[in-house]
Amino acid sequence: MSEPARRPPARAALSSGSDRVFQVLILALASVIVLVFVLSVYQLTRESWPALQAFGWRFFSERTWNPVEGVFGAASMVVGTLVTSVVALAISVPLAVASALFVAEYAPKWLANPVGYLIELLAAVPSVVYGLWALFVIAPILGRWQTAYFVDPANLPTITRCNELWAQGQTSLQCFFVPSGAGGRGLALAIIILTVMILPYTASVARDVIRLVPADQREAMYALGATKWEVISRAILPYARAGILGGVILALGRALGETLAVAMVIGDSQDILKSLWGGASTMASVIANQFGDAQAALHRSSVVALGLTLFFLSVVVNFAARLIIARLTPKGIQ
Amino acid sequence: MRTSAAVTVQRRAGLSPARRMRNTLMGALILLATLVVVAPLILIFVYLLREGLGAMNLAFFTRTPAPEGESGGGLLNAITGSLMMLAMASVIGVLVGVAGGIFLAEYPRHRLMPTIRMLSDVLAGIPAIVMGLVAYGLIVLAFGFSGLAGALALGFLMIPIVVRTTEEVLKLVPLTVREAGLALGLPQWLVILRVVLPAAAGGIVTGVMLALARVAGEAAPLLFTAFGNNSVNLDPSKPMSALPLEIYRGATSAYDENQRLAKAGALLLITLIFLTSLLARRASRRR
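Residue numbers (the working numbering), protein chains in the order written: chain A, 1 to 334; chain B, 335 to 621.
Calculated directly from the structure, the hints in this document are not laboratory data.
Keep in mind it's a predicted model, so treat the numbers as computed, not measured.
A few of these clues could be false.
The following label-pair restraints were derived from C-beta to C-beta distances [claimed, not checked]:
1. B:G406 to A:E164: 49 to 55 Å
2. B:I376 to A:S233: 45 to 51 Å
3. A:N66 to B:V380: 40 to 46 Å
4. B:T605 to A:T147: 53 to 59 Å
5. A:Q174 to B:E402: 52 to 58 Å
Covered stretches of chain A (chain B as the covering partner; in silico rule of three or more C-beta atoms under 8 Å from a C-beta of chain B) [to be verified]:
6. 18 to 26
7. 41 to 47
8. 100 to 108
9. 307 to 318
Ideal placement from N, C-alpha and C gives every residue a C-beta, glycine not left out.
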């Protein structure tokens with residue numbers, strides 16, 4: 001009797017020792033996540049330090065980005081990043097929510113699954129492939145339309161006047177929508193391609209949230225004689241609003257950091273907000289287009305400072321999204 | 335029966351034209367919007383099939399790009415480079431990702447758990463190009479452009495995806511299974527390794543495949559880490575090419591031949607990615 005009684009504690013002691021080793025091993029590997037984060041912050045800060053030292057906060061308010069004279073201000077790229085992202089978001093949200101409603105509420109099952117698949121695949125298309133398609137297919141279409149505008153003699157006075165304004169670094173509302181002859185590349189094309197790229201993120205979050213709306217909410221309204229649209233607009237969307245907002249902010253995070261597709265089509269110019277059809281630049285596009293060629297130390301450091309800015313922006317946006325989702329998702333569903 | 339049917343008919347007839355029209359209109363708009371959402375995917379795929387399929391001959395898979403302006407090259411350098419870098423990235427992504435997932439799911443009361451969960455979420459949102467800058471500073475500055483630096487950036491990008499899916503599938507394994515193992519006298523680590531992980535293996539593999547599909551298309555972090563290479567290179571310490579890199583270079587090149595290779599490369603890449611993610615999703619749906 002005393003033999004078996006002594007054994008289990010010995011065994012327990014043994015296993016707790018091996019458990020400890022395993023836990024330390026797992027923790028060590030998992031800590032690489034912490035390491036990656038710390039190294040990222042350290043690396044980006046260290047390399048952007050010279051630029052931040054040289055320019056301080058002016059780095060974000062200065063509009064000139066001139067590698068030749070060694071003056072670097074990120075204002076036009078910050079504005080370019082925000083404008084492209086926010087406008088693309090504004091266009092994509094209604095489309096994404098509509099497609100989520102279609103998959104969750106309208107489509108019969110045999111159609112809902114394939115359409116859901118297709119939207120998920122949209123998220124799997126690489127950035128460069130979107131860029132290639134925009135460059136070879138959409139840009140020529142926009143370019144032809146711009147050429148037609150320039151060829152039409154009726155538009156000559158407007159073109160002349162806008163060219164004068166643009167030459168002085170100014171613009172007017174009308175001139176903002178007048179083509180600037182960039183062959184299809186520019187702000188508008190970047191917005192179009194960004195819209196397509198972030199659609200699936202909002203759509204899949206919206207679909208998941210809409211599916212979480214309790215069935216009795218719908219049934220109660222149908223029982224009162226409501227139409228399908230009334231059920232959607234008064235029962236489903238208000239209930240799902242918070243979750244959709246979380247998805248929208250996640251999509252914003254994507255849009256802010258989206259790089260190559262935008263870098264390929266945006267035309268890489270600092271003339272932000274001069275013309276919708278003219279060139280612009282975003283922080284990510286400048287990193288992609290200039291980091292490899294940056295010879296001067298200050299230029300290189302300024303490009304990394306853009307990366308640091310992007311890093312903090314994405315951290316903040318992500319936190320906001322997760323906060324909203326965590327606070328507003330009904331408890332127990334997760 | 336009669337009365338209730340009559341009531342229904344009356345109700346339907348009583349629906350005011352404005353309400354009925356709004357309902358139909360919104361339904362039509364939603365259908366239209368869905369078509370707009372799905373259209374680019376179909377347009378891109380058809381475009382690449384039309385433009386790229388012709389270029390997918392034997393040379394495409396067995397030769398390297400011809401010198402600028404000449405014709406008849408292939409993307410062997412990019413195909414081997416992509417495969418090698420993805421294999422190397424997987425080592426980091428799977429080791430750290432699965433360990434992170436195990437840690438979050440199996441040691442939820444550990445005091446470091448909230449930190450690691452939060453930082454894993456933060457990493458998921460960091461733009462790929464920023465990861466490229468980080469890998470540049472960590473490796474390229476000291477050792478020069480290399481496939482290893484590219485793989486490191488891709489591996490960092492894989493980690494949060496693998497962590498998340500691993501954690502989720504581990505949490506799906508019933509607690510009773512763990513208790514049964516512990517009741518048999520197995521230590522916790524053996525329960526995790528021999529009981530819980532095998533039960534969740536399918537889901538973890540799915541997560542790894544999704545992560546691979548995601549980073550296989552990334553060119554931005556490779557621009558200044560792997561850098562690209564016009565010949566086949568199997569040495570991880572030297573610059574290496576990758577499919578997305580060749581697509582980027584080709585699409586922005588002025589030469590027809592490079593553009594042709596880029597389109598064929600895009601078709602190959604997108605097909606592989608679609609197949610991988612479809613397989614992954616099918617596997618996860620079956621469980």
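Evaluated hints:
Taking the beta carbon of each, G406 (chain B) and E164 (chain A) are about 50 Å apart, inside 49 to 55 Å as hinted. Here the CB-CB span from I376 (chain B) to S233 (chain A) is close to 30 Å, at odds with the stated 45 to 51 Å. Judged by the Cβ atoms, the range 40 to 46 Å given for N66 (chain A) and V380 (chain B) holds: they are separated by roughly 43 Å. Taking 53 to 59 Å as the suggested C-beta distance range, the pair T605 (chain B) and T147 (chain A) does not conform, at roughly 35 Å.
Distance hint check for Q174 (chain A) and E402 (chain B): the Cβ-Cβ separation is about 43 Å, which falls outside the suggested range of 52 to 58 Å. Counting residues of the stretch 18 to 26 of chain A whose C-beta sits closer than 8 Å to any C-beta of chain B gives 7, which meets the bar of three, so the coverage hint holds. Given as covered by chain B, the stretch 41 to 47 of chain A passes the check, having 4 residues with a CB less than 8 Å from a CB of that chain where 3 are the minimum. Note: the stretch 100 to 108 of chain A has 4 residues with beta-carbon separation from chain B under 8 Å; the three-residue rule is met and the coverage holds.
Only residues whose beta carbon comes within less than 8 Å of a beta carbon in chain B count, and the stretch 307 to 318 of chain A has 7; three or more means the coverage holds.
In summary, the structure is inconsistent with hints 2, 4 and 5 from the numbered list given earlier, while agreeing with the others.
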